[in-house]
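K.L.:
These are the residues of each chain, in order.
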Amino acid sequence: MSAILKITNLTKYFNSIKAVNNINLKIEEGGIFSIIGPNGSGKTTIIKSIAGLLRQDKGNITINGLDTTHHPIKTKSNIGYIPDKPEIWSSITGEEFLYLMGSLYGMKKETIQKNIPLSLKIFNLAGIEKNYYEDYSRGNKQKFTILSALLHQPKLLLVDEPIVGLDPVSAEIAQNKFLNFTKNGGAILLATHDLSVATNISKTIGVLSQGKLITTGSFKELKNKAKLSKNAKLKDVYKKLT
Amino acid sequence: MIKLLLRYQLQKIKKIFLSRKTAKLIVLACFIAIFTGLGVAVYFFFVKGFSYIQSYPFFAQAVTLYSYEVYLLFIFLLIAISSFISSLFSLFKKEKNDWLLATPSYKILPGVVLVNAFFASLWPLIIIVLPSLLAAHSVFGLKLIPLLVSLLSIVFLTIFATSLMLLAILITGRMLQGLSSLINKNFLNLKNLAICLLIFVFFGGILIWHQNFSIDLISLFNAQDLQTSESVVSRISENFTYSPTHPVAKAIFEFQAGNVIGGYYYTTIMFLMTIIVLSFLWLATEWFLPIWQKLQEGLFTARTKIKNKNTKKDSFIWGKNVSTTLLKKEFLVSSRNTRGLLWFGFLMFIWMIQVGVNLMLSKNIAKYSINIDLFPIIAYILQFLTGIFFISAFVLRFVFPCFSMEKDTSWILSSSPMKKSKIFWSKLLFYLPLFLTIGILIGYTNLLILNLSLTASVITFILFFSTIIFIVVLGLSLGAIFPNFETDDPSVLSTSLPGIGFTIGSLSYGSIGAWLLFQNLTANIFWPICLFLILSFIGTIWLIYIALYFLKHMEFIKNKF
Numbered sequence: 379m380s381a382i383l384k385i386t387n388l389t390k391y392f393n394s395i396k397a398v399n400n401i402n403l404k405i406e407e408g409g410i411f412s413i414i415g416p417n418g419s420g421k422t423t424i425i426k427s428i429a430g431l432l433r434q435d436k437g438n439i440t441i442n443g444l445d446t447t448h449h450p451i452k453t454k455s456n457i458g459y460i461p462d463k464p465e466i467w468s469s470i471t472g473e474e475f476l477y478l479m480g481s482l483y484g485m486k487k488e489t490i491q492k493n494i495p496l497s498l499k500i501f502n503l504a505g506i507e508k509n510y511y512e513d514y515s516r517g518n519k520q521k522f523t524i525l526s527a528l529l530h531q532p533k534l535l536l537v538d539e540p541i542v543g544l545d546p547v548s549a550e551i552a553q554n555k556f557l558n559f560t561k562n563g564g565a566i567l568l569a570t571h572d573l574s575v576a577t578n579i580s581k582t583i584g585v586l587s588q589g590k591l592i593t594t595g596s597f598k599e600l601k602n603k604a605k606l607s608k609n610a611k612l613k614d615v616y617k618k619l620t
Numbered sequence: 002m003i004k005l006l007l008r009y010q011l012q013k014i015k016k017i018f019l020s021r022k023t024a025k026l027i028v029l030a031c032f033i034a035i036f037t038g039l040g041v042a043v044y045f046f047f048v049k050g051f052s053y054i055q056s057y058p059f060f061a062q063a064v065t066l067y068s069y070e071v072y073l074l075f076i077f078l079l080i081a082i083s084s085f086i087s088s089l090f091s092l093f094k095k096e097k098n099d100w101l102l103a104t105p106s107y108k109i110l111p112g113v114v115l116v117n118a119f120f121a122s123l124w125p126l127i128i129i130v131l132p133s134l135l136a137a138h139s140v141f142g143l144k145l146i147p148l149l150v151s152l153l154s155i156v157f158l159t160i161f162a163t164s165l166m167l168l169a170i171l172i173t174g175r176m177l178q179g180l181s182s183l184i185n186k187n188f189l190n191l192k193n194l195a196i197c198l199l200i201f202v203f204f205g206g207i208l209i210w211h212q213n214f215s216i217d218l219i220s221l222f223n224a225q226d227l228q229t230s231e232s233v234v235s236r237i238s239e240n241f242t243y244s245p246t247h248p249v250a251k252a253i254f255e256f257q258a259g260n261v262i263g264g265y266y267y268t269t270i271m272f273l274m275t276i277i278v279l280s281f282l283w284l285a286t287e288w289f290l291p292i293w294q295k296l297q298e299g300l301f302t303a304r305t306k307i308k309n310k311n312t313k314k315d316s317f318i319w320g321k322n323v324s325t326t327l328l329k330k331e332f333l334v335s336s337r338n339t340r341g342l343l344w345f346g347f348l349m350f351i352w353m354i355q356v357g358v359n360l361m362l363s364k365n366i367a368k369y370s371i372n373i374d375l376f377p378i379i380a381y382i383l384q385f386l387t388g389i390f391f392i393s394a395f396v397l398r399f400v401f402p403c404f405s406m407e408k409d410t411s412w413i414l415s416s417s418p419m420k421k422s423k424i425f426w427s428k429l430l431f432y433l434p435l436f437l438t439i440g441i442l443i444g445y446t447n448l449l450i451l452n453l454s455l456t457a458s459v460i461t462f463i464l465f466f467s468t469i470i471f472i473v474v475l476g477l478s479l480g481a482i483f484p485n486f487e488t489d490d491p492s493v494l495s496t497s498l499p500g501i502g503f504t505i506g507s508l509s510y511g512s513i514g515a516w517l518l519f520q521n522l523t524a525n526i527f528w529p530i531c532l533f534l535i536l537s538f539i540g541t542i543w544l545i546y547i548a549l550y551f552l553k554h555m556e557f558i559k560n561k562f
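Taken in sequence, the protein lines are chains W and Z. Per the working numbering, the first sequence starts with residue 379, numbered consecutively. Per the working numbering, the second sequence starts with residue 2, numbered consecutively.
Just so you know, the hints here were simulated from the structure itself, not pulled from any lab data. Do not rely on the hints blindly, as some may be mistaken.
Computed list of chain W residues with no C-beta within reach of chain Z, every gap over 10 Å [as the list claims (entries may be wrong)]:
1) Ala429
2) Gly430
3) Asn442
4) Lys463
5) Val542
6) Gln553
7) Leu557
8) Asn578
9) Thr593
10) Ser596
Listed next, the in silico PhoX-like pairs over lysine-lysine satisfying Cα-Cα at most 20 Å (straight line) [to be verified]:
11) Lys94(Z) <-> Lys295(Z)
12) Lys608(W) <-> Lys618(W)
13) Lys508(W) <-> Lys423(Z)
14) Lys499(W) <-> Lys519(W)
15) Lys108(Z) <-> Lys94(Z)
16) Lys94(Z) <-> Lys192(Z)
17) Lys452(W) <-> Lys384(W)
18) Lys463(W) <-> Lys97(Z)
19) Lys94(Z) <-> Lys452(W)
20) Lys329(Z) <-> Lys452(W)
21) Lys329(Z) <-> Lys486(W)
22) Lys94(Z) <-> Lys519(W)
23) Lys603(W) <-> Lys613(W)
24) Lys452(W) <-> Lys553(Z)
25) Lys295(Z) <-> Lys420(Z)
26) Lys423(Z) <-> Lys408(Z)
27) Lys605(W) <-> Lys617(W)
28) Lys97(Z) <-> Lys486(W)
29) Lys295(Z) <-> Lys463(W)
30) Lys423(Z) <-> Lys436(W)
31) Lys519(W) <-> Lys321(Z)
32) Lys581(W) <-> Lys598(W)
33) Lys321(Z) <-> Lys487(W)
34) Lys590(W) <-> Lys603(W)
35) Lys329(Z) <-> Lys508(W)
36) Lys487(W) <-> Lys295(Z)
37) Lys533(W) <-> Lys404(W)
38) Lys499(W) <-> Lys436(W)
39) Lys94(Z) <-> Lys492(W)
40) Lys463(W) <-> Lys486(W)
Bear in mind that the values here come from a model prediction, so they are computed numbers and not experimental data. Just so you know, even glycine gets a beta-carbon here, dropped at the ideal spot from N, CA and C.
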């Protein structure tokens, strides 16, 4: 299988602080890689660097074999980004936001018009799509950003805190949607504090501490590395390793 | 609680100087320098003006009183409208007040907003009122104690104006709430509240205009009968009797005329008016919490079956490509930004006052066949400079902060597959035609009373247009080169170091243009204007080039200067 995302020696400084320190990781088609780690460990910085919101100081990021620094437009076309804060312009409607995102990703108007009703059905949002964004609850805002990231059918999904603010049913729908996405050949990089999400859907988990990816592996492999029993939970692994 | 809030305000000021101390000290120094410079300029302007008035004994008293009335009314309107906009959003829109509204001391918020609005309104006192009173002290011999009491009466006027607007907001909110209960349909939302208050301000403005300015100046001053000077002052005084600023104007006038008791009498009236409004405001704070609670409600969307009440046929259809989509996004976001539209209306309102004065003068000139050649060329230049000032104010408020205001939404554009330069072009294509249209309006109305030849009019227009293009590009480029993602408040962004840089740059540039126009009109020298236009063109291209370079390397994170 070919690597959709490949990160080599990624390093990012904020003034003199090394926020991300020499990160290497690879996600292949159908893969879900979860990054877990304490607050300020660099999870969001990694996601933002891949999404093109931050510029790395060292290292390479390639998506589908293309370098993000040299081919920013082509690589961004293959990314769907779900930020940690689902903030958009307060005075546009959810439907307009989906139209806007489709247009920005070069989708045809007819395709957008066809896809939006289908997208709205996923989270049962039909009926509120013409309300202004500022009137939505935190959870509904999050749902619209998830839909916007999936609308143009990207290859790689970058998800920063995926289920914050979602009710249990919607959280389950989101997780199923992510799993379906990878079954259709996509790949996901997920940064989260919610260890249950990481355990439920990830094939590989990376533990990040002070900008360094200190260990990676499946949940089972991490338990072995942490020398914990079979019944141990990810929380115990996390506590042991960070 | 008050101590805690005051300490919080002090901490906020201290926090400003914790990071990038040098830059912020430079900003502070620039501010002090600009304020002092403006204050000194205003002082000399008034000294010159008062001396001129005094040289015509027949008109001296009448013109002085008329100037005070008009001048204070203008300041009152400035304070009232800016307080209205800032208070409306500070009272109901700021989510960070939730914690305060959850405490038993929630009633303190209108008080805090009032204090903030009052302090924010102090700048006209420092820059305009104090220098003008000092000028009155120099020219008319206004003594120190009367001067201080006059200043105090203007402080009362400021409190009166800010508290009156807060009271109007609460009363309107209460009325909308009452109407909602009466016919069982919710009318109380921020949009309706703003519209009702705008109608209130609009009709208030018309009333003030009709009462005080739709007058024949020649008749008012009785200029055709130079034998009857005594009755002119009382006629002007009567004309402004119902103006809220009348007691202050009369207080200063009486002090100046040596009538100390009269001065104290009018100051006391102003004080009592302020106390009355404050008392009503205190009573109206009872209504604050229910209004606030209602305005925090979003749309109830927890139900699975919701009838879509939005009757719009379709959502806004986005453009065929990225550029037109971005352009439409600018239009949509700007046209639905209530706060931005209110500030836009406020600036237009100030400009309309200037237009109104022009129309009043032109009406009087036409009526009495006054020789228009009496208008000195400097009047043309002042009109040109006024136009530049308004365009700069618009650009500073709307164009300069537009990149920084993308703070929370920057992830959308910067993670999308497009060149960042397209963001710049879409903003330029949105704002430039808008300001050129405003420029045509300003230029045309300013030329209404001027008897310029066709050639001079064309030159003025070309110069004005090129200046507008340069100023818009300057504002947009500086905003792109120095984005500030620490705040998305345009008023804070406008007072940052790059914001001050823009103000100085645009006004200096406009002043050079005005000086060249003066040279052209007086000495018929044309080539400096041509050189100015060529340099403007080169400067515009260079600014765009630099802005696009910086945008290409921009990171959307905080603490970037």
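K.L.:
Quick check: which numbered hints come out false for this structure?
P.N.:
1, 2, 4, 13, 19, 20, 25, 28, 29, 30, 31, 36, 38, 39, 40
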